[in-house]
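Q: Spelled out, the chains give:
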Amino acid sequence: GENVEQHPSTLSVQEGDSAVIKCTYSDSASNYFPWYKQELGKRPQLIIDIRSNVGEKKDQRIAVTLNKTAKHFSLHITETQPEDSAVYFCARGFGNEKLTFGTGTRLTIIP
Amino acid sequence: NAGVMQNPRHLVRRRGQEARLRCSPMKGHSHVYWYRQLPEEGLKFMVYLQKENIIDESGMPKERFSAEFPKEGPSILRIQQVVRGDSAAYFCASSPRQGLYEQYFGPGTRLTVT
Numbered sequence: 001g002e003n004v005e006q007h008p009s010t011l012s013v014q015e016g017d018s019a020v021i022k023c024t025y026s027d028s029a030s031n032y033f034p035w036y037k038q039e040l041g042k043r044p045q046l047i048i049d050i051r052s053n054v055g056e057k058k059d060q061r062i063a064v065t066l067n068k069t070a071k072h073f074s075l076h077i078t079e080t081q082p083e084d085s086a087v088y089f090c091a092r093g094f095g096n097e098k099l100t101f102g103t104g105t106r107l108t109i110i111p
Numbered sequence: 001n002a003g004v005m006q007n008p009r010h011l012v013r014r015r016g017q018e019a020r021l022r023c024s025p026m027k028g029h030s031h032v033y034w035y036r037q038l039p040e041e042g043l044k045f046m047v048y049l050q051k052e053n054i055i056d057e058s059g060m061p062k063e064r065f066s067a068e069f070p071k072e073g074p075s076i077l078r079i080q081q082v083v084r085g086d087s088a089a090y091f092c093a094s095s096p097r098q099g100l101y102e103q104y105f106g107p108g109t110r111l112t113v114t
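Order-wise, the sequence lines are chains A and B. Residue 80 in the numbering used here sits at position 80 of the first sequence; the count goes up by one each step and never skips. Residue 3 in the numbering used here sits at position 3 of the second sequence; the count goes up by one each step and never skips.
Since the hints were made in silico from the structure, they are not lab data. Predicted, not measured: the structure shown is a model, and the values here were computed from it. Glycine included, each C-beta is placed from N, C-alpha and C at the ideal position. Be aware that one or more of the hints could be misleading.
Said to hold, decoys possible - Some, not all, of what chain B presents toward chain A, calculated at C-beta under 7 Å: (1) Pro39; (2) Leu43; (3) Phe45; (4) Gln50; (5) Pro61; (6) Phe65.
Stated by the list, open to error - To be clear about the criterion: a stretch of chain A counts as covered by chain B if any three or more of its residues have a C-beta under 8 Å from a C-beta of chain B, and this derived list gives those stretches: (7) 15-24; (8) 65-75; (9) 93-107.
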């Protein structure tokens, strides 16, 4: 199927430390893996994405890694700041088709 | 460049009434997706449309729900005879064209059924 499992469901880290969120998927055809950040009452915001022909992508303090063989991908946030506190969703897709989302990780940065 | 627009932002309906949710994609975007988010839950796909075509409606309930994306004007998600279980945030997303996969979300419509 197209299920996506996301862990952990909640994560608290000290400001300045790193946070890692992991997702696994089951559909081998998946070729697109975006990550979204959603603050309370706001829209999901695309923060980084990766395609299946790439193993890692980095944008400033945010990076995503993909292991196609194991069918898992991870979001890494370094030097965390209070404004990183939000719910983060991973997703998988195939081309322009629908996205299947994980269940979300509530990240809290402790000042 | 304006982002994805949705209106209304908040909608209150009584049971049995109809709800119409509108989505204007980003300029130049021809793919529209609707997702539903229940409180404290993730996003669930409902329907994927291109101009005048429904591409995938596998996430739409079989009854009471319909969607369109006409040649002119916004995409519309229509819910007939709303029930309390329809209360949720409905998000629209758009992406540019075939081959570009990024989906950008609108601010959502929060539907409350009383």
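Q: Each hint: holds or not?
A: Structure-based check of all given hints:
no.	hint	result
1	Pro39	11 Å, violated
2	Leu43	5 Å, holds
3	Phe45	4 Å, holds
4	Gln50	9 Å, violated
5	Pro61	16 Å, violated
6	Phe65	15 Å, violated
7	15-24	violated (count 0)
8	65-75	violated (count 0)
9	93-107	holds (count 11)
In terms of the numbered hints stated before, the structure departs from hints 1, 4, 5, 6, 7, 8, listed from lowest to highest.
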